[in-house]
Amino acid sequence: MTTPAPTIAAKQPTPDFSGNSPEGEAQRQVRFEERIQAGERIEPKDWMPERYRKQLTRMISQHAHSEVVGMYPEGNWITRAPTLRRKLGLLAKVQDECGHGLYLYCAAETLGVDRNELTDELLSGKAKYSSIFNYPTLSWADIGVIGWLVDGAAIVNQTPLAKCSYGPYARAMVRICKEESFHLKQGFEIVTTLAQGTPEQKKMVQESLNRWWWPVLMMFGPADAESSNSEVLMRWRVKLHSNDSLRQRFANSTVAQVKVVGLTLPDPDLRYNKATGNWDFGPIDWDEFWRVVKGQGPCNRERLRASRKKHEQGRWVREAAHAYAAKHPVN
Amino acid sequence: MDSNTTPETEAPMPLWEIFSQAKTGKPHEHVGSLHAPDATMALQNARDAYARRGSASLWVVPAEAIIASTPEDSPMFFDSAADKVYRHPQFYTIPRSVRL
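Protein chains in written order, with our numbering: chain A, 1 to 331; chain B, 1 to 100.
Note that these hints are calculated values from the structure, not bench results.
Here a beta-carbon is modelled for each residue, glycine too, at the ideal position from N, C-alpha and C.
Some hints here could point you the wrong way.
As the list claims (entries may be wrong) - When the alpha-carbon atoms are kept at most 20 Å apart in a straight line, the in silico SDA-like pairs for lysine to any residue are as follows:
id, chain 1, residue 1, chain 2, residue 2
1, A, K45, B, A56
2, A, K327, B, A68
3, A, K45, B, L15
4, B, K23, A, R175
5, A, K178, B, A56
6, A, K178, B, A68
7, A, K87, B, D48
8, A, K327, B, I67
9, A, K45, B, A68
10, A, K45, B, T70
11, A, K310, B, A56
12, A, K178, B, D48
13, A, K45, B, L43
14, A, K327, B, M41
15, A, K294, A, K45
16, A, K178, B, K23
17, A, K327, B, Q44
18, A, K294, A, K178
19, A, K309, A, I78
20, A, K163, A, Q55
Unchecked claim - FRET-style restraints, in silico, Cβ to Cβ:
id, chain 1, residue 1, chain 2, residue 2, range
21, A, P136, B, F78, 50 to 60 Å
22, B, T93, A, D224, 53 to 63 Å
23, A, L240, B, R47, 32 to 42 Å
24, B, A81, A, Q257, 23 to 33 Å
25, B, F78, A, P82, 28 to 38 Å
26, A, E40, B, Q44, 31 to 41 Å
27, B, H30, A, S181, 16 to 26 Å
28, A, R291, B, Q21, 44 to 54 Å
29, B, H28, A, M234, 52 to 62 Å
30, B, H30, A, N273, 38 to 48 Å
31, B, D73, A, N273, 49 to 59 Å
Work the whole structure out from these sequences, hints included.
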């Protein structure tokens with residue numbers, strides 16, 4: 001084997017992509033698009049179009065709110081977990097969701113938005129979060145199904161975001177995805193245990209799957225034909241796959257898992273499509289989706305109430321922390 | 001609207017940048033940021049937020065204490081590295097039969 005001939009890669013001077021060179025807005029825009037096409041990441045201090053900043057602020061803050069509100073349905077079952085092992089797992093998972101919310105609020109703040117503003121938007125009911133958290137957790141089996149399907153869908157949604165064009169969001173997603181895989185497995189373990197348990201347990205987990213399946217499919221957002229922002233978001237690499245393609249990917253992998261645990265999906269139209277290699281599912285009730293998004297889901301009001309209560313009841317802690325810091329200055 | 005929903009302006013807490021060393025011998029790497037009223041609470045919160053699955057060491061640094069190069073100055077600031085190809089091993093020629 002011969003050593004490749006040494007080559008002198010003459011380094012080109014680093015082009016000025018900052019956008020602050022004496023050029024017009026249009027040229028900054030062109031350079032920004034070129035950077036994205038070249039697979040470069042955008043960092044907080046870099047020039048970016050206002051629309052990019054706005055879209056990302058919206059996406060990241062909605063994602064942060066979802067993590068935080070996502071603690072309520074599961075927190076509901078911590079005191080009633082059937083064993084200590086289950087309680088430890090669930091506590092750790094809920095604590096992770098809180099941590100994920102924090103990573104994301106901090107990522108949103110790098111875009112220039114203030115943390116208190118984001119909190120106000122959530123508490124006033126103005127902010128949106130994932131519609132799945134407006135459904136109730138009625139049985140212990142729901143905790144298993146949430147970990148399995150809700151976290152499973154979140155992983156399918158989020159894994160591509162770890163490669164999105166905005167550096168702080170991508171880095172937060174890397175951390176989050178690593179931790180979500182534990183959530184998925186703890187949920188699947190609960191589902192498997194119940195599915196192999198007594199007839200009552202099996203019935204409970206099947207009933208839970210029946211309730212969650214359709215809302216989980218809705219987690220991927222409106223059908224591509226209805227998704228107005230998609231084109232520019234995909235060009236800017238803040239969205240890497242269409243809603244429908246992610247939904248299909250999730251459905252395909254879930255069908256196989258459902259068979260392994262011996263349960264069934266509540267969809268009479270579910271068929272394997274030989275031509276596409278996909279599992280075709282029946283029509284999604286988009287009226288239900290929009291009702292829940294617009295505040296008329298089963299638990300929207302309860303989630304808002306819980307968020308406000310948490311904020312109010314935590315106020316003295318924040319005040320005490322300020323008072324302590326003022327009294328004991330750290331050098 | 002009841003009083004709970006009124007937007008409020010709570011005193012903002014300073015921002016801290018968090019650096020974690022995954023294992024001894026590895027560098028401290030930036031992992032994120034958080035708000036806390038002082039350094040001690042920043043460190044405790046950093047442990048809960050960024051070291052739930054362990055860390056060998058954590059640094060918390062007031063965000064405003066970090067002096068950073070700016071994107072607009074970067075091209076000129078780093079310019080002197082661009083034409084110094086002789087700082088790279090590929091610049092040098094050695095006999096093909098030799099493995100260094």
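Evaluation of the provided hints:
| no. | hint | in the structure |
| --- | --- | --- |
| 1 | A:K45 with B:A56 | violated, 30 Å |
| 2 | A:K327 with B:A68 | violated, 32 Å |
| 3 | A:K45 with B:L15 | holds, 17 Å |
| 4 | B:K23 with A:R175 | holds, 17 Å |
| 5 | A:K178 with B:A56 | holds, 19 Å |
| 6 | A:K178 with B:A68 | violated, 29 Å |
| 7 | A:K87 with B:D48 | holds, 19 Å |
| 8 | A:K327 with B:I67 | violated, 29 Å |
| 9 | A:K45 with B:A68 | holds, 10 Å |
| 10 | A:K45 with B:T70 | holds, 7 Å |
| 11 | A:K310 with B:A56 | violated, 33 Å |
| 12 | A:K178 with B:D48 | holds, 17 Å |
| 13 | A:K45 with B:L43 | violated, 26 Å |
| 14 | A:K327 with B:M41 | holds, 13 Å |
| 15 | A:K294 with A:K45 | violated, 35 Å |
| 16 | A:K178 with B:K23 | holds, 18 Å |
| 17 | A:K327 with B:Q44 | holds, 18 Å |
| 18 | A:K294 with A:K178 | violated, 32 Å |
| 19 | A:K309 with A:I78 | holds, 19 Å |
| 20 | A:K163 with A:Q55 | holds, 17 Å |
| 21 | A:P136 with B:F78: 50 to 60 Å | holds, 56 Å |
| 22 | B:T93 with A:D224: 53 to 63 Å | holds, 55 Å |
| 23 | A:L240 with B:R47: 32 to 42 Å | holds, 33 Å |
| 24 | B:A81 with A:Q257: 23 to 33 Å | violated, 51 Å |
| 25 | B:F78 with A:P82: 28 to 38 Å | violated, 59 Å |
| 26 | A:E40 with B:Q44: 31 to 41 Å | holds, 36 Å |
| 27 | B:H30 with A:S181: 16 to 26 Å | holds, 23 Å |
| 28 | A:R291 with B:Q21: 44 to 54 Å | holds, 49 Å |
| 29 | B:H28 with A:M234: 52 to 62 Å | violated, 36 Å |
| 30 | B:H30 with A:N273: 38 to 48 Å | holds, 46 Å |
| 31 | B:D73 with A:N273: 49 to 59 Å | holds, 56 Å |
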